[in-house]
Amino acid sequence: MRIVIGQGSCGIAAGAEKVRSALLKQNISAPISITGCIGMCYLEPIVDIYDDDKLVRLVKVSESDAPAIADYIRTGDREKISALIVTDEDSEFLSKQTRIALRNCGIINPEKIEEYIAKDGYTALRSCLTEKTPEEVIDVIKTSGLAGRGGAGFPTWFKWNAARQSEGEEKYLICNADEGDPGAFMDRAVIESDPHNLIEGMLIGAYAIGAKHAVVYVRAEYPLAIKRLKNALEQAREKGIIGNNIFGTDFSCDFMIKAGAGAFVCGEETALIESLEGHRGMPRLKPPFPAQSGFWRKPSNINNVETFANVAWIINNGGEAFAAMGTEGSKGTKVFAVTGKVKRSGLVEIPMGKTLRDVIFDIGGGMKTDKPFKAVQMGGPSGGCIPADLIDTVIDYKALGATGAIMGSGGMVVMDESTCMVGMAKFFLDFTAKESCGKCIHCRIGTKRMLEMLERITKGEGKEGDIELLEELCYSIKDGALCGLGQTAPNPVLTTIKYFRDEYEAHIKDKKCPAGECSDLIEYTINADKCRGCTLCARNCPVNAITGAVKQPHVIDTDKCIKCGKCYSVCRFDAVIKA
Amino acid sequence: MINLTINGKAIQAPEGSTILEAARANGIDIPTLCYDKAVEIYGACGLCVVEAEGIPKLLRSCSAKCTEGMVVNTESDRVVQSRKIAMELLMSAHDGDCVAPCQLNCPARTDCQGYVGLIANGEYDAALKLIKNKIPLPASIGRVCPHPCEKACRRKNVEEPINIAQLKAFAANIDLDKDDSYLPECQESSGKKVAIIGGGPAGLTAAYYLTIMGHEVTVYDMMEKMGGMLRYGIPQYRLPKEVLDKEIAIIEKAGVKLVNNVKLGKDFTIESLKAENDAVIVAVGAWKSSSMRTPGEDLEGVYGGIDFLRAVIKGNPPEIGERVAICGGGNTAMDACRTAVRLGAKEVYVIYRRTRNEMPADKLEIDEAEEEGVIYKFLTNPISFNGEDGKLKSVTLQIMELGEPDASGRRKPVPVEGKTEEIALDSVILAIGQKLVQGDVSELKLNERGNIEADPDFFTTSIDGVFAIGDATNRGASIAIEAIGEADRCAKAVDAYLNGQKLDTRVPYISKRDESTIDYSDRKEQSRINPKVLPADVRNKNFDEVSLGFTEEEAQAEASRCLECGCREYYKCKLLNVAQRYDIDPSRFKGEIPQKYTHDENAFIERNTSKCILCGLCVRSCREVMDIHAIGLMGRGFKTDVSPAFSLPLDQTKCNNCGLCVQLCPTGSLTEKANLKKQVPLDEQYTEEFVDINGTQASVLVSRYNGKVLRVIPNDEVSRNANLSREELQAKLQ
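As you go down the protein sequences, you meet chains A and B in turn. Heads up, the first sequence is in our numbering, so the first residue is 1 and it goes up one at a time. Heads up, the second sequence is in our numbering, so the first residue is 1 and it goes up one at a time.
Possibly wrong hints are sitting among the right ones.
[As the list claims (entries may be wrong)] Below, in silico cross-link-like pairs of lysine-lysine (DSSO-like), each with a Cα-Cα straight-line distance of 30 Å or less: (1) Lys84/B / Lys434/A; (2) Lys639/B / Lys286/A; (3) Lys463/A / Lys708/B.
[What the hints assert, rightly or not] Covered by chain B, according to a simulated footprint, are these stretches of chain A (three or more residues, beta-carbon under 8 Å): (4) 160 to 171; (5) 479 to 488.
[Unchecked claim] Here's a subset of chain A near chain B, in silico, CB distances under 10 Å, partners left out: (6) Gly278; (7) Arg280; (8) Pro288; (9) Gly340.
In case anyone wonders, no lab produced these hints; they're calculated from the structure. Glycine included, C-beta positions come from ideal geometry on N, C-alpha and C.
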């Protein structure tokens, strides 16, 4: 038997490290090792116990469970750990997925190259270097239909080919690991859980375009990812997989890690290059495109982590196998980071062509509370929301684009009826306005003005014509902004107006927030018929706004009330009314 | 060469050229704010966007290359909308005044800040010329104007407004005292004739400017002398007629023909003048005193305000006796009461139904009249003038109190039931307004107020080719500067008419700061200086001019108090130029202003971040051209700003004062100090000259104003890298 503890950032945040120490203290004979993100983030910390091929998965494990686990290892008696064993229902979260990019995540030890190699690691690279010309590699990728997973969905082979065709001895292959979307964490998971998969994909890409230098631009907020990537690079270097004359061929490639200082806009490829060169992260004008003039003005190719994570699999299994999954225009699988009001949150990788319902209800298990599903925000702040009645939309670049949202990098924030859509748009606008680099007028001032309008509306200060003005501004920013950040910033506003215009109107005309989320537009009162005078609300009120004698109906002084909602949540008789 | 089409025009462009280069080479202007050939393409402003057939996105023409067969539209609706919104957003965050509030509040748009600033520098001739661009009678107007400019002056928020009107009189006096007073250059004769009826401030102003424009102008006036109400409505002690005479003489010398003692309706008609001229301007004024409709107004001893003043000025004052009351609270009432004092009346009352605070008259006038012995009867209203044998004996006054504010915002006077007062009087002067004598202009259509109906923009009347301005039109009598402003605009409208065109009356957009956000705490208090006046007990016995005018020292000190609200880069602001090209309304996007006004300067360069539009030209030129890196971009998003490294003051950076950043700054965020004690926004002209720097002929830009070198700015690599101070550069000028 052997014990494997999920130690991605998610697991560590939930207490996996403490569980590991506690288990180590138990002097168990079975070896204890780690793995990356298993994917079921909502169940962390997770302890997997392998008995040959049989797996017993324990979830939501705490330090105090260590003796029981030790007991099980020694005796095989499952009784004491039965409450920890993952349910069949929860197991479906993984079993219903099709994992390519994440194929090794949560299975192998990311800190040991041998475990990667044992999973056919670096065979794809070897076959490329020894059996295929760069053009043939590009052909396989072309056949696979792989498209950029960072958001834009541009065909990967096309970019590789453009960089390959670009003149110049010195070329760069860059991996964009600046995953900045709030709610997206698939890139982090890949680097933390399977760094060699990324390195192998990048080396294949470097070979294809003719680059001798590979750069990973990873955000500094991912220290564990950086640590594991560094470790992986060292191990690969020791094995001669990176450096000069890889696998004894003419191909040489060096690696560099650049920790980005944390700006969303640096996920935009030209801003990323500026930052790499040591400048302020601001996008450059295109053309020239990076394939012609990129890092140090040399031909450069930039792909996202998840894109590279598919490459080795495609080489090993053939482009056709990848293309066999998905739809006409979108091939292979896509990883989604599912969060929000959904029952099961975590990383979900499924073939293109499935529906949003498959992800949110079938795999995600539906809503966490009894409130009905309202909408899902796709693609983070650059994306848009898709309402409940479009839940059967197919996962496909075109189909998602038609709704006004985007595939994006795969962030999926699930919302129920308690989410105010104006507030949601405001949240994302607040993010993009702050993350605007400040270069172009439309983005720098336009997003700020949109945010100010949304703030006014949620405060009940909206006026007739605000929606139209917002729309006018949105379209103008989409048209006029310099880079993708600005051009997509209006999407959350445009889609919420498109699908939830009545909510905007309620805020503006009736000064009401239908979801009851905008504190300036709600009022708490007590229904005297239901109130039993238990005094619980009065005792919990932080500003003493509630008065009343014991066993007598209580009253909220609305002038004093700060609308914290505490009374509403503590009342056991549904006597507090939020309206 | 590449063949393409821009705005329907077939164009050839060299291989590799951008759409912007191709367009500009062919005379098609595309606006830009962040583009300059000196630095790399940046793409921030997004104003250069164009639409190309077959390309779904708008293209930034500064970077997009021409391709064979390309069809480009630089002014499509989508392009214009994108530029318009960009400018609206930009201006919504631009915290600056293009022109000062004093100028904006002057009905004639006189460049007050300009001439005040020039006076502070001792540049009196230049100040006078600037004034005469808008006012041909500055010595007179400086003395009599109720100065709306001063009401808008922001110095009032520190202590008191600048004494703008008296400064104007000061500069004008100097010019009048010279043998060669300033005469404008007139344009070549147009061969067109214009007749103007009425030689008051409106008529004379229109005549002066139309003459400068090359037209032959004759002014017809019914009185013995020109000047209208300036002469016959304003007492000698306020405006000595010798001053007015001199100013009118200059107008005559400029080429205006003056004809007196001829009256409309008697000696000629509008139609008869029209037959002999290409255009006629009616500026007959309002010469009839208004009635109060109080019983007893027909008694002997009751006079109209302007009738009374005119009679005194003409040398035959009426018998007013010893006890005189003046009804009204405006400047005519002040003129009448102070004149009555000077005529020897023992008790002079001013009857006004509100209080001192609501009086429309100038505060100084109110105070000076009181010093001269005038007695104010506030909160009283005449209900009857009582007489015996047809002669006035007394007035019965209703006592009033202030009630709720009325539409004008002033508290409305309401009678106190049953409370009255009677004052024995020898005469009463009704100074409550004046009206047009309608019979004189019977040929023209009048409005419901009984004034000539004139188009407010084009000044046209019911007869083609006949224009009307001043007190006789629309809303009736107002102040002289109002008439002068109308006359100036009317002259332009008539000039356009004579050239077969129509004047463009659109008011171009300008940027204004939100008054409520301005902080004055860094300003040191400095009291307003008023010119010395004759002592009250001397002046109340004669008609000598009360004000002694500014001494040079006083004038310079007073002018130096100016806060310099208007932007010094106004005349060459690219930002404003682009803003005015599009019909923009930045108030749609009113919101937070990103940068607070921060002032930073070194010996030559001043920085004001609140006007910065983040085009990056300063940062980029400092880095790319000069390799100095004295300034950089700081912060993110809306809070991005340009700042010296570590937010240090500019003079603690490596800045070598090359001035390139100032030259490239498209707005007033960076300015180069002029060779002046007090900085002034001026319409400067730059010429390229060459100076010897270590044996090399180096290019510099030189700005001269009124003969004086205001700036010398390095203009090539040699002069920029010479590290010479501006004084040293100037000394090298031939």
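So, going through the hints one by one against the coordinates:
1. Note on Lys84/B and Lys434/A: the hinted pairing holds, with a Cα-Cα distance of about 24 Å set against a maximum of 30 Å.
2. Only pairs whose Cα atoms come within 30 Å are accepted, and Lys639/B paired with Lys286/A is accepted, the gap being roughly 25 Å.
3. Taking the CA atoms of Lys463/A and Lys708/B, the gap is about 55 Å. The hint is violated against a cut of 30 Å.
4. For the region 160 to 171 of chain A, the assignment as covered by chain B is violated, since 0 residues bring a beta-carbon within under 8 Å of that chain's beta-carbons and 3 are needed.
5. Note: the region 479 to 488 of chain A has 4 residues with beta-carbon separation from chain B under 8 Å; the three-residue rule is met and the coverage holds.
6. Hint status for Gly278/A relative to chain B: violated, with the closest Cβ pair at about 13 Å, above 10 Å.
7. Hint status for Arg280/A relative to chain B: holds, with the closest Cβ pair at about 6 Å, below 10 Å.
8. The beta carbon of Pro288/A is positioned within 10 Å of a beta carbon in chain B (closest approach about 9 Å), and the interface hint is therefore held.
9. Nearest Cβ of chain B to the Cβ of Gly340/A: about 26 Å, over the 10 Å cut. The hint is violated.
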